[in-house]
Amino acid sequence: MARLVGVDLAPNKRIVVALTYIFGIGDALSREILAKAKIDQNQRVKDLGDAELLAIRDVIKDYRLEGDLRKDVQLHIKRLIDISAYRGTRHRKGLPVRGQRTRTNARTLRGKRKTVGLGRKKEEEKKE
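Mapped onto my numbering, the consecutive letters of the sequence shown carry residue numbers 47 to 174.
Keep in mind that the hints were calculated from the coordinates and are not lab data. Here a beta-carbon is modelled for each residue, glycine too, at the ideal position from N, C-alpha and C. There's no promise every hint is true.
Quick list of simulated restraints, FRET-style, between CB atoms [claimed, not checked]:
#1 Arg60 - Ile127: 33 to 43 Å
#2 Asp114 - Gln146: 42 to 52 Å
#3 Leu121 - Thr161: 39 to 49 Å
#4 Arg125 - Arg77: 11 to 21 Å
#5 Lys124 - Lys84: 34 to 44 Å
#6 Lys139 - Asp114: 22 to 32 Å
#7 Arg159 - Asp86: 12 to 22 Å
With a straight-line cut-off of 27 Å between C-alpha atoms, the simulated DSSO-like cross-links for lysine-lysine are [what the hints assert, rightly or not]:
#8 Lys59 - Lys82
#9 Lys107 - Lys92
#10 Lys107 - Lys117
#11 Lys59 - Lys92
#12 Lys59 - Lys107
#13 Lys92 - Lys82
#14 Lys92 - Lys117
#15 Lys160 - Lys139
#16 Lys84 - Lys107
#17 Lys117 - Lys139
#18 Lys84 - Lys59
#19 Lys124 - Lys139
#20 Lys117 - Lys84
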């Protein structure tokens with residue numbers, strides 16, 4: 047099993063897809079990394095050799111990924127909260143940060159949906 051930046055890559059996935067399992071690597075960056083490492087995008091992870099994995103590692107070391115990136119993101123959010131920016135207050139309250147509507151669809155604060163209607167009829171039938 048291939049392991050890059052502390053993440054196990056799924057052996058049956060194509061390498062271009064498997065790289066996206068690493069935090070901070072999306073589809074476009076995955077393709078860019080493979081182009082720099084001169085590796086075919088359609089190759090499966092289980093078919094990669096040690097030399098190819100080392101080539102990918104060498105290219106990846108230039109990017110901020112996984113733990114370092116997660117720490118940076120948390121520090122940016124903490125900074126917004128500390129300076130009382132609008133985005134920081136939205137993070138603190140657990141509301142959508144990027145301008146989405148909250149009257150409907152915002153499940154971050156209101157929690158899981160509760161269906162209304164069917165339960166009342168059964169309760170009324172039991173009372174009678």
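Tell me if the straight-line CA distance from Lys59 to Lys82 falls inside 27 Å. 20 Å, holds
27 Å Cα cutoff - pair Lys84, Lys107: 16 Å, holds
Pair hint Lys117 and Lys84, alpha-carbon separation not exceeding 27 Å
Since the Cα atoms of Lys117 and Lys84 sit roughly 31 Å apart, the hinted pair is violated (cutoff 27 Å).
Satisfaction of hint between Lys117 and Lys107, Cα-Cα up to 27 Å
17 Å, holds
Notebook entry, point to check: Holds or violated: are the alpha carbons of Lys124 and Lys139 at most 27 Å from each other?
Noted result: Roughly 13 Å separates the two Cα atoms, so the pair holds.
- request: Please work out if Lys92 and Lys82 have their alpha carbons no farther apart than 27 Å.
  value: Holds - the C-alpha atoms of Lys82 and Lys92 are around 20 Å apart, at most 27 Å.
Given the hinted pair Lys117 and Lys139, is their Cα-Cα distance within 27 Å? Holds, because 21 Å separates the two Cα atoms, which is no more than 27 Å.
Is the straight-line distance between the alpha-carbon of Lys160 and that of Lys139 27 Å or less?
-> 22 Å, holds
With respect to the beta-carbon atoms only, verify the hint that Leu121 and Thr161 lie 39 to 49 Å apart. 40 Å, holds
* Straight-line Cα separation of Lys59 and Lys92 no greater than 27 Å? -> Cα-Cα ~8 Å, so holds.
For the pair Lys124 and Lys84, does the Cβ-Cβ distance stay inside 34 to 44 Å?
Because 40 Å falls inside the window, the suggested range holds.
### Message
Checking one constraint from the list: CA of Lys107 to CA of Lys92, max 27 Å. Satisfied?
### Response
22 Å, holds
Hint compliance for this structure: hints 2, 4, 7, 14 and 20 are not met, and every other hint is.
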